[in-house]
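Peer 1: What follows is each chain in one-letter form.
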Amino acid sequence: MTDMAQAPYKVVRSTRASKIGSVIGLVLFIVLVSFPTWGDRATIRLLVEIFYILALAQMWNLLAGYGGLVSVGQQAFVGFGGYMLFVLTINFGVGAVWAVPVAGVLGALVSLPVAFLVFRLRGHYFAIGTWVVAEVFLLGFAQIKAFGGGSGMSLPISVIKSISGSRAGRDSAIYWTALFVAVATIAIVYFLLRSRHGLALTAIRDSEEASNSLGVDNFRAKLLVYIFAAFGTAAIGALIFLTKIRISPSAAFDINWTTTVIFIVVIGGIGTIEGPILGTIIYFLLREPLSDFGTWYLILLGSTAIVVMLKAPQGIWGIITQRFDLRFFPVQRRLRLKKDD
Amino acid sequence: MIEWANTIIQGILTGGLYAMFATGLAIIFGVMRLVNISHGDLIVLAAFVAMVVIETTGVNPFVSMIAVLPVMFVFGYFLQRGILNYTVGDDLLPPLLVTFGLSIVIQNVLLEVFTADSQRLKAGALEIQSLQLTEGLSIGVFPLIIFVTAVVMIIGLQQLFNYTRLGRAFRATSDDAVTAQLMGINHKHIFGLAMGLALVLVGIAGVLMAIRTNFDPSIGPSRLLYAFEAVIMGGLGSLWGTLLGGIILGVAQNIGAKIDPGWQILAGHVAFLIVLVFRPNGLFPRTRDD
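Residue numbers (our numbering), protein chains in the order written: chain D, 1 to 341; chain W, 1001 to 1290.
Please note that a few of the clues may not be correct.
Claimed, not checked - Below 20 Å or equal to it, Euclidean Cα-Cα: the simulated EDC-like pairs (lysine to aspartate or glutamate) are:
no., chain 1, residue 1, chain 2, residue 2
1, D, Lys-311, W, Asp-1260
2, D, Lys-19, D, Asp-325
3, D, Lys-145, W, Asp-1090
4, W, Lys-1122, W, Asp-1216
5, D, Lys-311, W, Asp-1090
6, D, Lys-244, D, Asp-40
7, W, Lys-1188, W, Asp-1091
8, D, Lys-161, D, Asp-171
9, D, Lys-244, D, Asp-325
Note that these hints are calculated values from the structure, not bench results. Since we're looking at a predicted model, the values are computed, not measured.
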């Protein structure tokens, strides 16, 4: 075996784009962190929504794009996380912001029995199975009298006041939580994919049989991804309903949470970290002028997703990387010959 | 006691409708290995097509099928050849995401054209006629017609699959599309015919559903879930199993509704999950999906 130092190649992970990108990202991050001190209230609220949708999209992309687990039932965890926010703050006196990660942990716990059920369904049927489970959550929570049944409940004033006494203070606290959640999901997905688990996941995505034959435990890898996505999605759900203050079963377990992120991920580029970011930007850019045409906007998104899946399954980000070889979040390892330097 | 017997009989008859939803889904999966997420929305689409036919010509809903079924067949054939054939392959993502997109498009187009108003097709006196079985136990004529139609549908499909050239081509393509092609079968055309056939079944189910219950553009997804649950409970590849799956679902929903109206749909889903725990391959597994 040759000594690595004498080998005529080296393993490279970062790209020029990723180096430039990390500088731009850092500047953008500082601008976004400071935003509540100088930005207006409407934009702060819009950014909060963008952050949680982006985070949800990253979680679904991890699940479907890397784990090969196409779930149309992630709204089960969004709604569960939302309800846990109310239970934790009202019944257990947990601080509203701290309830977000705790709701995530509870979501991960509840995902275990759910996985026990839905993992019995293979491939395509897994998708519809997750949807059935989400319906069970919806109908089940609507039966719980303590949660206000079908009409839901509101977050008490005392809990809202406990975040911060002033309205601006609350807006900033929620904004920073949302920013943290968005950045953390991207960072966690990035570092997860760079680790050996990520290598296993990418291998499974490319070929289940081949990865299995090389010693990857497909079931275990998929289960871990499912539990992790449940953790993230439930935490994001808690954050979403912290901004909404009111919760009801039909809003909490709405299929549209999943529909939106599926369109974002498919159009942006499934199986990449950049794709969901690009997809989220496109989604909000188009939504602002088209929001008056609710139905037509959904028809447009649905048709675009169909065309993208048929003509360019790697999404818009896939088209861009084919042209320009841009990778802001390099998760792959590349060999570079020494004499190239 | 007689009340419970009544609940169960009504449940069995409802199961006929669910089995009808499920046969279309089962055929699409059986031949193309494609899980069609827009299946429920296609059922609702058929109901709206029937509504338009009835409003423009004034015919009875049963007669409207003369127009509805060919329309659904043609729509299915071109849907398969124009879009869905390009998603068939080893990768799971394209068919799922394309039919998911299709589901959203169909729902919102129907919403835009027909609004969210609840609709119903009227079939006259037939809707309310009933047969008295014994003292205090009677069954509706129309639910019985639906159940019998489901049984006839399944027998017809089995004859088609077992004894006709077309059925043989369906089975051959399902087993191995490439080899079937070597034998001179154009699998793209066969897939188109299979989707057309499935949408004819969807058309019959859609019209009968629209006479029996109210419908609006948003109810598609729940019909997909019922169809799916009936297929999985019955066991993949078994049409009679699908009927049994539909019956279990219908009975569970009726028993749930009798205990508490809020439990109707939930009880059906719970019955499905229980079957999934104890018989993950369904009650009559015939084929496996891998």
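Peer 1: All the hints need checking, so say for each whether the structure fits it.
Peer 2: Hint check results:
The straight-line distance between the Cα atoms of D/Lys-311 and W/Asp-1260 is roughly 49 Å, outside the 20 Å bound, and the hint therefore fails. Using a Cα cut-off of 20 Å, the hinted pair D/Lys-19 and D/Asp-325 holds, with the two alpha carbons roughly 14 Å apart. Of the supplied pair hints, the one linking D/Lys-145 and W/Asp-1090 is violated, its CA atoms being roughly 46 Å apart against a limit of 20 Å. Only pairs whose Cα atoms come within 20 Å are accepted, and W/Lys-1122 paired with W/Asp-1216 is accepted, the gap being roughly 15 Å.
About 17 Å separates the Cα atoms of D/Lys-311 and W/Asp-1090, which keeps this hinted pair within 20 Å; it holds. Of the supplied pair hints, the one linking D/Lys-244 and D/Asp-40 holds, its CA atoms being roughly 19 Å apart against a limit of 20 Å. Restraint check: the Cα-Cα separation between W/Lys-1188 and W/Asp-1091 comes to about 18 Å, which is no more than 20 Å; the hinted pair holds. At roughly 12 Å between alpha-carbon atoms, D/Lys-161 and D/Asp-171 fall within 20 Å of each other, so this suggested pair holds.
Restraint check for D/Lys-244 and D/Asp-325: not satisfied, since their Cα atoms lie roughly 40 Å apart, outside the 20 Å limit.
Hints 1, 3 and 9 from the earlier list are contradicted by this structure; the remaining hints agree with it.
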